[in-house]
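In order, the protein sequences belong to chains A and B. Residues 5 to 296 in the working numbering are what the first sequence spells out, letter by letter. Residues 5 to 296 in the working numbering are what the second sequence spells out, letter by letter.
Don't take each hint at face value.
Because identical chains cannot be distinguished in the list, a pair is counted as satisfied if it fits within a single copy or across any two copies.
[Unchecked claim] Straight-line Cα separation of at most 25 Å, DMTMM-like style, residue types lysine to aspartate or glutamate; simulated pairs:
#	residue 1	residue 2
1	28	259
2	149	214
3	28	61
4	28	280
Hints in this document: simulated from the structure, not taken from any laboratory. Just so we're clear, the structure is a prediction, and the values are computed from it rather than from any experiment.
Below are the chains, spelled out letter by letter.
Number of protein chains: 2
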Amino acid sequence: MKAFRRVVICGVGLIGGSFALALKQKGLAEEIVGLGRTQATLQRAKELKIIDSIAQDWADALAGADLVLLAMPVGQTAAALQAMKPHLGPGTLVTDAGSTKRDVIEAIYTHLQEHLTQIVPAHPIAGAEHSGPDAARADLCVGRKVVLTPLEENSPEAIARVSAAWAATGGVLHIMSPQEHDRVFAAVSHLPHLLAYALVHDVAGRANAEQLFSFAASGFRDFTRIASSHPEMWRDICVSNRHAILAELDAYLTELAWVRALLVQGDGESLETLFDEARNARNAWLAGQFNA
Amino acid sequence: MKAFRRVVICGVGLIGGSFALALKQKGLAEEIVGLGRTQATLQRAKELKIIDSIAQDWADALAGADLVLLAMPVGQTAAALQAMKPHLGPGTLVTDAGSTKRDVIEAIYTHLQEHLTQIVPAHPIAGAEHSGPDAARADLCVGRKVVLTPLEENSPEAIARVSAAWAATGGVLHIMSPQEHDRVFAAVSHLPHLLAYALVHDVAGRANAEQLFSFAASGFRDFTRIASSHPEMWRDICVSNRHAILAELDAYLTELAWVRALLVQGDGESLETLFDEARNARNAWLAGQFNA
Numbered sequence: 005m006k007a008f009r010r011v012v013i014c015g016v017g018l019i020g021g022s023f024a025l026a027l028k029q030k031g032l033a034e035e036i037v038g039l040g041r042t043q044a045t046l047q048r049a050k051e052l053k054i055i056d057s058i059a060q061d062w063a064d065a066l067a068g069a070d071l072v073l074l075a076m077p078v079g080q081t082a083a084a085l086q087a088m089k090p091h092l093g094p095g096t097l098v099t100d101a102g103s104t105k106r107d108v109i110e111a112i113y114t115h116l117q118e119h120l121t122q123i124v125p126a127h128p129i130a131g132a133e134h135s136g137p138d139a140a141r142a143d144l145c146v147g148r149k150v151v152l153t154p155l156e157e158n159s160p161e162a163i164a165r166v167s168a169a170w171a172a173t174g175g176v177l178h179i180m181s182p183q184e185h186d187r188v189f190a191a192v193s194h195l196p197h198l199l200a201y202a203l204v205h206d207v208a209g210r211a212n213a214e215q216l217f218s219f220a221a222s223g224f225r226d227f228t229r230i231a232s233s234h235p236e237m238w239r240d241i242c243v244s245n246r247h248a249i250l251a252e253l254d255a256y257l258t259e260l261a262w263v264r265a266l267l268v269q270g271d272g273e274s275l276e277t278l279f280d281e282a283r284n285a286r287n288a289w290l291a292g293q294f295n296a
Numbered sequence: 005m006k007a008f009r010r011v012v013i014c015g016v017g018l019i020g021g022s023f024a025l026a027l028k029q030k031g032l033a034e035e036i037v038g039l040g041r042t043q044a045t046l047q048r049a050k051e052l053k054i055i056d057s058i059a060q061d062w063a064d065a066l067a068g069a070d071l072v073l074l075a076m077p078v079g080q081t082a083a084a085l086q087a088m089k090p091h092l093g094p095g096t097l098v099t100d101a102g103s104t105k106r107d108v109i110e111a112i113y114t115h116l117q118e119h120l121t122q123i124v125p126a127h128p129i130a131g132a133e134h135s136g137p138d139a140a141r142a143d144l145c146v147g148r149k150v151v152l153t154p155l156e157e158n159s160p161e162a163i164a165r166v167s168a169a170w171a172a173t174g175g176v177l178h179i180m181s182p183q184e185h186d187r188v189f190a191a192v193s194h195l196p197h198l199l200a201y202a203l204v205h206d207v208a209g210r211a212n213a214e215q216l217f218s219f220a221a222s223g224f225r226d227f228t229r230i231a232s233s234h235p236e237m238w239r240d241i242c243v244s245n246r247h248a249i250l251a252e253l254d255a256y257l258t259e260l261a262w263v264r265a266l267l268v269q270g271d272g273e274s275l276e277t278l279f280d281e282a283r284n285a286r287n288a289w290l291a292g293q294f295n296a
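Given only the sequences and the hints, what does the whole structure look like? Please build it.
Given below as structure tokens:
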């Protein structure tokens, strides 16, 4: 018998689709049911054999389900939890893939407080600038970190079974508090996305934007790769986690104020020291040897 | 007979080395002589057959030379021009590969004003985060833009022969004024480098830097790739072109002030519009279809 008889994926894009494909490939799910806002996306996911069938609504989806993955943009979490509530039985585990965790957990406590044993929040660190079911791959999470932020109320069995599902994606599991999670990803993920979007937006708004883009090369391309990410998903992340992101943005603005002063002064020596320290830190990180 | 009998490369790193390899591969140079600050680098370039021999000084290097490429960090340009002056004959063409052009041209007018017909400044848009002779490749410039910023005093023959040398690297030639060059590259190259260095430096200085780096993923890696660039080279670019870079940095800080206000207000709609416009502009650029 397979670990999960019926798995529901709400949001069959990059993350939801990849989770589904991994579970299928590992033989962990007998049946995978898709649910979402857009019929065309669900149809496409079915064509790609990411899901076996399309549920009409939560009542339909949750009948006999033993695992649900919420993989929509985080701004839709509260509405999805509310819609699930009347149909969620005690035997159905729930996890999510949201890039922010405090807001998701707040919504869980607000809308599903009678189900706290069975809902184990998660975040696979496996973004890509492509989105939608066509971008899904069974190996998306292989070797990537998957952060779990379990609730105090979670049953040990729920944690174990949800962990097993995420482990089946090939991800490396880490447990963190939601506060720590949101602070860490504000720094190393959310802020860089915001900076990349802002740079492209700045350049695109210039009178000579066409000329500027025509001379932009590989450095610009890689720096701005994440500015091709899903706008709605990043809107929700920025709104949900704005306090932590503002703290990171302000720290960065302080750094830029210092860099600006060095430029004004033409202080090449200090600039070189800064560049050298940054390069050394980055290279040590890539070599797996960063020690603060 | 080959187009160039004796080519001198001052600075046998990524750019100088790649130029030398391309000229050799195309059969344009009979002999390539290297010159530079660091004997070990020159020896390595000779081992890699990037250069045929090592010159002891400019007197030695320039004897019988018909083309010189200056490919050191731009901060060394003025000193190199001064050192060349006593030994530079009228039959030797000079070009450079500096990432900034106004300062290089100012140094040319200051130090070599009797040789303005024969010095044709250039900038191949072919950076990489790796540097040194081991990173050099004959095809580095293939399909990349090479910007020429000729002097009014350049002879047509000098422009034609220097253009032919750069064309042999596979680069696509463009002519610009040095002012325009420096403004364009401040926006699409110099500023992004500064922003990437600043972000890594900011993260590396945190008390929890090790934790932050441990959760940094592919988005952070690509965003910061250019922060592994050559610190001295980028020090010189930032100091040389600081006025144009400051103008770009200030425009970007204005953009960030706006983004910050949207975050404070939790204005998801405006954030999504900004992200959407940025993504569309970037994707249009990648598809070669950007139209402002």
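Right, here's what the structure says about each hint:
1. Taking the shortest Cα distances, residue 28 and residue 259 never come within 25 Å of each other, neither inside one copy (47 Å) nor across copies (45 Å).
2. In this assembly of identical chains, the alpha carbons of residue 149 and residue 214 lie at most 25 Å apart only when taken from different copies (15 Å versus 39 Å within one copy).
3. Taking the closest pair of Cα atoms, residue 28 and residue 61 come within 25 Å of each other only inside a single copy of the chain (23 Å); across copies the shortest separation is 68 Å, beyond that limit.
4. Neither within a single protomer nor between protomers do residue 28 and residue 280 lie at most 25 Å apart by alpha-carbon distance, with minima of 47 Å and 33 Å respectively.
Going down the numbered hints, you'll see the structure goes against 1 and 4, while the others check out.
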